[in-house]
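Respectively, the protein sequence lines represent chains A and B. Residue numbering for the first sequence follows the numbering used here, starting at 294 and increasing by one per position. Residue numbering for the second sequence follows the numbering used here, starting at 3 and increasing by one per position.
Be a bit skeptical, because a hint or two may be false.
Straight-line distance between alpha carbons at most 30 Å, and here's what the computed DSS-like set of lysine-lysine pairs gives [unchecked claim]:
| hint | chain 1 | residue 1 | chain 2 | residue 2 |
| --- | --- | --- | --- | --- |
| 1 | B | K506 | A | K297 |
| 2 | B | K384 | B | K314 |
| 3 | B | K381 | B | K314 |
| 4 | B | K327 | B | K366 |
| 5 | A | K297 | B | K280 |
| 6 | B | K384 | B | K327 |
| 7 | B | K457 | A | K297 |
| 8 | B | K43 | B | K25 |
| 9 | B | K25 | B | K457 |
Simulated from the structure, these hints should not be mistaken for laboratory data.
The residues making up each chain are set out below.
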Amino acid sequence: MTDKAFRRLYALVIGELAIVILVFYLFTRIFR
Amino acid sequence: MSRLDWIVLVGTLLLLVAYGVWKGRRQRRLAAYLLADRQLKWPTIALSIMATQASAITFLSTPGQAYADGMRFVQFYLGLPIAMVILAITAVPIYHRLRVFTAYEYLETRFGVGTRTLGAFLFLLQRGLSTGITLYAPALIVSVLLGWNLHVTNIVIGVLVIVYTALGGTKAVSWTHVHQLLIALGGMAIALILAVRMLPHDVGLLEAARVAGRMGRLNAIDFSFDLTTPYNFWSGLFGGLLVALSYFGTDQSQVQRYLTGESEAESKLGLLMNGMIKVPMQFFILFVGAIVFVFYQFIAPPLFFNSVERAKVGASAEYAQLEAKHRQTFEAKRAEVHRLVEAMRAHDASATAQATARVRELQKEDGVTHAAAVSLIRKTDKAADTNDTNYIFLTFVVQTLPAGLVGLLLAAIFCAAMSATSSGLNSLASTTVVDVVTRLLWRNATDHQYVIASKLMTVFWGLFAIGFAEFASRLGSLIEAVNILGSLFYGTILGIFLLAFYTKRIGGTAVCLGAIIGEAAVAWCAIYTNVAWLWWNVVGLVVGVIAAGAIQGLLTLRHPEPQRRRRISGFPT
Numbered sequence: 294m295t296d297k298a299f300r301r302l303y304a305l306v307i308g309e310l311a312i313v314i315l316v317f318y319l320f321t322r323i324f325r
Numbered sequence: 003m004s005r006l007d008w009i010v011l012v013g014t015l016l017l018l019v020a021y022g023v024w025k026g027r028r029q030r031r032l033a034a035y036l037l038a039d040r041q042l043k044w045p046t047i048a049l050s051i052m053a054t055q056a057s058a059i060t061f062l063s064t065p066g067q068a069y070a071d072g073m074r075f076v077q078f079y080l081g082l083p084i085a086m087v088i089l090a091i092t093a094v095p096i097y098h099r100l101r102v103f104t105a106y107e108y109l110e111t112r113f114g115v116g117t118r119t120l121g122a123f124l125f126l127l128q129r130g131l132s133t134g135i136t137l138y139a140p141a142l143i144v145s146v147l148l149g150w151n152l153h154v155t156n157i158v159i160g161v162l163v164i165v166y167t168a169l170g171g172t173k174a175v176s177w178t179h180v181h182q183l184l185i186a187l188g189g190m191a192i193a194l195i196l197a198v199r200m201l202p203h204d205v206g207l208l209e210a211a212r213v214a215g216r217m218g219r220l221n222a223i224d225f226s227f228d229l230t231t232p233y234n235f236w237s238g239l240f241g242g243l244l245v246a247l248s249y250f251g252t253d254q255s256q257v258q259r260y261l262t263g264e265s266e267a268e269s270k271l272g273l274l275m276n277g278m279i280k281v282p283m284q285f286f287i288l289f290v291g292a293i294v295f296v297f298y299q300f301i302a303p304p305l306f307f308n309s310v311e312r313a314k315v316g317a318s319a320e321y322a323q324l325e326a327k328h329r330q331t332f333e334a335k336r337a338e339v340h341r342l343v344e345a346m347r348a349h350d351a352s353a354t355a356q357a358t359a360r361v362r363e364l365q366k367e368d369g370v371t372h373a374a375a376v377s378l379i380r381k382t383d384k385a386a387d388t389n390d391t392n393y394i395f396l397t398f399v400v401q402t403l404p405a406g407l408v409g410l411l412l413a414a415i416f417c418a419a420m421s422a423t424s425s426g427l428n429s430l431a432s433t434t435v436v437d438v439v440t441r442l443l444w445r446n447a448t449d450h451q452y453v454i455a456s457k458l459m460t461v462f463w464g465l466f467a468i469g470f471a472e473f474a475s476r477l478g479s480l481i482e483a484v485n486i487l488g489s490l491f492y493g494t495i496l497g498i499f500l501l502a503f504y505t506k507r508i509g510g511t512a513v514c515l516g517a518i519i520g521e522a523a524v525a526w527c528a529i530y531t532n533v534a535w536l537w538w539n540v541v542g543l544v545v546g547v548i549a550a551g552a553i554q555g556l557l558t559l560r561h562p563e564p565q566r567r568r569r570i571s572g573f574p575t
């Protein structure tokens with residue numbers, strides 16, 4: 294894999310974390 | 003347990019051991035034995051990394067944590083994906099370029115053999131003890147709930163792990179991880195499905211989630227900032243980030259998993275996949291606990307889940323009174339939970355609010371009864387284990403699941419125990435042989451002799467873990483105990499490695515002294531303050547790094563001399 298591909302993968306990992314946090318937040322709010 | 007359960011349990015474990023020994027056959031070179039000849043691909047690496055971290059404590063204690071306290075423990079893992087990215091960028095290229103066998107070999111290139119030995123020693127101490135806990139935890143819980151002899155259970159699990167880890171090396175460990183993790187997760191999925199199916203016919207998964215939420219069990223995110231509570235967004239992101247950086251970047255039990263990569267890219271991909279899957283996986287395991295909590299709103303749970311401790315007070319009139327009160331509260335609460343479900347289904351906001359308030363009140367009342375039971379148990383026996391969260395999930399499995407599935411779930415628990423223990427033993431043996439034996443004691447042996455030494459060290463550390471497990475006493479929630487033990491050392495060790503990665507001017511003497519001061523600061527926090535244990539990582543790191551910088555400054559004033567990079571000496575890579 295190229296460095297550019299890895300940089301995209303890093304962004305994907307961090308992006309996924311952001312989405313997961315958002316999902317957890319909505320989950321907490323909806324089911325409170 | 004039924005005969006079918008025994009067949010499933012024993013069959014699964016023996017097959018795994020045999021598979022591990024077969025996979026690791028014919029390994030005469032140390033690179034093959036310790037690093038699987040650096041031939042593994044990223045899916046195996048990713049699953050091996052996850053299986054190493056997810057011990058039986060994860061699968062037993064975590065659902066119990068969700069039952070008792072809700073899902074906020076998931077926040078502990080929020081820093082992990084960020085740590086995976088950082089390590090893929092920094093640590094992996096360095097380890098691959100130097101072709102190290104252990105993380106501590108790298109320290110010698112920067113700071114000399116003293117710091118390498120210090121790092122290795124801190125690892126051997128921390129991992130040696132925690133491997134004992136990893137072995138002890140499932141043995142204790144299973145022995146309590148099934149009446150098995152604790153010592154025999156401990157020894158049987160320990161010996162099974164020693165056999166395939168010593169004979170098969172890293173290849174056996176990594177390949178059995180793949181199957182162990184899949185079995186463990188499969189078991190949890192079955193438990194979740196059955197827990198939902200055994201709810202009343204008018205309560206489906208969505209209603210169960212709503213009930214759990216209303217009763218405070220789906221509290222996955224908490225944005226409040228409080229240094230004294232361990233599980234909130236901030237401690238998870240920052241404290242958890244440091245724990246993950248230290249654990250995955252400097253703890254040999256994890257580093258060895260990705261040093262087996264066929265290339266730097268395979269190692270990086272393995273870490274990054276772990277970063278993407280781990281947090282949702284932990285959420286899933288906690289969610290199982292939350293649903294088990296809902297299950298026990300409709301089926302009466304025991305007042306105290308640890309049956310051994312319960313038996314000590316079971317005959318007393320006082321306990322009988324508490325049981326009666328608990329039963330009464332349960333009946334009232336069950337009726338209210340049914341009303342809550344109906345009100346939510348009818349979208350009646352006022353009835354929902356009323357039922358929620360009443361349910362919470364009754365839950366609090368039951369909490370008081372539970373606390374009274376705990377007091378009574380402690381009064382009867384001062385050394386009693388009064389934290390029953392570790393027994394909740396297995397009680398559910400043993401008392402409610404059908405024959406065959408109990409055996410499968412137990413196999414899943416033992417798989418998880420074995421996966422973490424095997425990584426621990428494999429890494430302890432590596433560090434002992436590479437950083438101590440070859441570097442300091444026995445420098446001219448042949449490759450094959452070092453392989454024999456590694457196998458013997460695996461057996462030694464396995465026996466040590468069994469021995470420590472025999473003496474391990476009650477440690478509260480075991481998943482917390484393992485992480486608290488880690489947090490005593492991880493911040494300091496991470497400080498040593500960060501100084502190695504990112505600074506040029508700080509030398510070995512300053513680093514070692516800085517590490518000692520950092521550890522002293524952590525000890526002070528642990529003993530004299532109420533600061534939550536996740537923050538100890540930050541303390542150890544910050545104090546250690548600042549102290550090292552200050553000491554180097556003083557040393558440079560007295561003896562101005564440039565630092566030279568050193569080669570790793572000792573074992574040919």
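Looking back at the numbered hints, which does the structure fail to meet, lowest number first?
7
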